[in-house]
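Protein sequence lines, in the order shown, are assigned to chains A and B. Here numbering that gives the first Met the number 0 is used: the first residue of the first sequence is 0, the next is one more, and so on. Here numbering that gives the first Met the number 0 is used: the first residue of the second sequence is 0, the next is one more, and so on.
There's no promise every hint is true.
Covered stretches of chain B (chain A as the covering partner; in silico rule of three or more C-beta atoms under 8 Å from a C-beta of chain A) [as the list claims (entries may be wrong)]:
id	segment
1	2-13
2	23-33
3	55-65
Computed list of lysine to any residue pairs in SDA-like fashion (alpha-carbon distance at most 20 Å, straight line) [unchecked claim]:
id	chain 1	residue 1	chain 2	residue 2
4	B	Lys2	A	Val294
5	A	Lys22	B	Ser62
6	A	Lys155	B	Ser62
7	A	Lys22	B	Lys2
8	A	Lys155	B	Glu46
Please keep in mind that the hints were generated in silico from the structure rather than gathered at the bench. Note that the Cβ used here is the ideal one computed from N, Cα and C, for glycine as well.
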Amino acid sequence: MSRERMEEYFQATIDADQKIEPKDWMPDAYRKTLIRQISQHAHSEIVGMLPEGNWITRAPNLRRKAALLAKVQDEAGHGLYLYSACETLGVEREELLDQLHSGQAKYSSIFNYPTLTWADIGAIGWLVDGAAIMNQVPLCRCSYGPYARAMVRICKEESFHQRQGYEIMLTLCRGSDEQKAMAQDALNRWWWPALMMFGPNDKESTHSEQSMKWRIKRISNDELRQRFVDMTVPQADFLGIQVPDPDMKWNESTGHYDFGPINWDEFWNVVKGNGPCNRERLKARVQAHEEGSWVREAAMAYAEKRKQRAEERARVA
Amino acid sequence: MKKDWPLWEVFIRSKNGLSHKHVGSLHAADAQMAIENARDVYTRRGEGISIWVVESRHITASSPDQIEAFFDPANDKVYRHPTFYKLPDEVDHI
Numbered sequence: 000m001s002r003e004r005m006e007e008y009f010q011a012t013i014d015a016d017q018k019i020e021p022k023d024w025m026p027d028a029y030r031k032t033l034i035r036q037i038s039q040h041a042h043s044e045i046v047g048m049l050p051e052g053n054w055i056t057r058a059p060n061l062r063r064k065a066a067l068l069a070k071v072q073d074e075a076g077h078g079l080y081l082y083s084a085c086e087t088l089g090v091e092r093e094e095l096l097d098q099l100h101s102g103q104a105k106y107s108s109i110f111n112y113p114t115l116t117w118a119d120i121g122a123i124g125w126l127v128d129g130a131a132i133m134n135q136v137p138l139c140r141c142s143y144g145p146y147a148r149a150m151v152r153i154c155k156e157e158s159f160h161q162r163q164g165y166e167i168m169l170t171l172c173r174g175s176d177e178q179k180a181m182a183q184d185a186l187n188r189w190w191w192p193a194l195m196m197f198g199p200n201d202k203e204s205t206h207s208e209q210s211m212k213w214r215i216k217r218i219s220n221d222e223l224r225q226r227f228v229d230m231t232v233p234q235a236d237f238l239g240i241q242v243p244d245p246d247m248k249w250n251e252s253t254g255h256y257d258f259g260p261i262n263w264d265e266f267w268n269v270v271k272g273n274g275p276c277n278r279e280r281l282k283a284r285v286q287a288h289e290e291g292s293w294v295r296e297a298a299m300a301y302a303e304k305r306k307q308r309a310e311e312r313a314r315v316a
Numbered sequence: 000m001k002k003d004w005p006l007w008e009v010f011i012r013s014k015n016g017l018s019h020k021h022v023g024s025l026h027a028a029d030a031q032m033a034i035e036n037a038r039d040v041y042t043r044r045g046e047g048i049s050i051w052v053v054e055s056r057h058i059t060a061s062s063p064d065q066i067e068a069f070f071d072p073a074n075d076k077v078y079r080h081p082t083f084y085k086l087p088d089e090v091d092h093i
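Using the sequences and the hints, build the whole thing.
Here it is as structure tokens:
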């Protein structure tokens with residue numbers, strides 16, 4: 000089959016809403032886009048463990064601590080589902096990790112903000128996981144089979160994350176004035192970065208159009224962001240705290256909330272590596288990888304030794 | 000030396016009466032570690048009661064390029080399906 004014919008067949012498969020599986024023919028650009036997106040997504044899950052891990056030892060009680068541990072463990076699991084989905088495209092795990100550690104690959108910028116108080120753990124679960132769910136639900140129908148299947152598992156698990164976050168916020172908002180102020184402060188600091196998680200405005204978004212055609216992406220950045228705002232503002236109202244946006248108001252005619260402009264300079268500055276915690280996050284990842292290398296090597300050497308011994312025994316017998 | 004641990008495919012039986020089903024893959028140094036990692040990665044919420052792991056390199060797969068040539072022979076054998084046989088309406092339970 001000619002290349003053109005294969006591309007036609009490929010696009011027709013996607014247009015018919017059928018899935019592409021690992022060994023199927025696919026254009027190089029589709030493969031590359033998926034490797035970039037899935038690995039970025041995996042890196043985000045892994046780096047995302049760091050800001051929350053910061054509070055595991057200082058959770059206010061055992062129930063909160065157990066829940067936070069389980070959540071952070073889920074994030075590790077999500078990273079692993081995604082790395083393995085990415086590897087079906089013919090890239091090695093080690094290569095993906097090298098790209099993260101060298102700074103060549105990106106991860107979600109939200110994780111470059113610090114977790115200053117316990118309320119940040121509530122705000123992350125509520126807002127960051129809430130925004131992630133909004134982004135991820137449409138990915139369950141993405142055209143690439145292994146990515147879509149990983150996303151189904153992930154979405155099922157994320158809902159616990161968001162609810163545990165909102166419950167923390169609710170407890171603080173029903174507590175003392177000081178606790179409520181802490182919740183408000185966390186909302187103030189996480190609101191805008193959470194809105195930035197949906198990526199640049201549609202007219203600025205470089206990869207969007209092609210990804211839509213390939214059905215890797217199904218809903219635009221701005222539309223997802225609007226859905227998130229519409230869903231979240233009433234939840235803030237219920238908590239009795241305010242999103243830090245003087246322009247936020249219900250628009251009767253559109254049936255949506257209007258909101259103020261996003262500071263994209265801040266966004267790009269953090270993407271480029273100058274957020275409050277970029278260097279710290281990367282350093283922690285590299286350190287964990289390097290300090291774990293002797294364990295990986297020892298496990299492999301042990302497995303090799305056992306295999307050899309078993310072979311020797313079989314020869315003697 | 001290649002640094003990654005070997006890749007393993009993971010299959011889980013969610014309950015007795017159902018077959019094992021492919022759920023994903025992971026890296027592990029040996030089979031025992033693959034089983035333990037599979038438990039932590041793929042069954043954190045009671046998704047299974049039995050796990051199979053097999054090293055990915057041991058799986059032989061049919062080729063997607065030959066779907067037509069490979070599976071076509073079955074397509075023109077409609078007489079393998081019960082609906083091929085027309086029976087009178089009066090005949091019941093068949």
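Quick rundown of the hints versus the structure:
1. 2-13: Result for this restraint: holds, n = 4.
2. 23-33: holds (count 7)
3. 55-65: holds (count 4)
4. Lys2/B to Val294/A: holds, 12 Å
5. Lys22/A to Ser62/B: OK: Lys22/A and Ser62/B at ~8 Å, within 20 Å.
6. Lys155/A to Ser62/B: Distance ~32 Å between Lys155/A and Ser62/B Cα, so the pair is violated.
7. Lys22/A to Lys2/B: violated, 24 Å
8. Lys155/A to Glu46/B: holds, 12 Å
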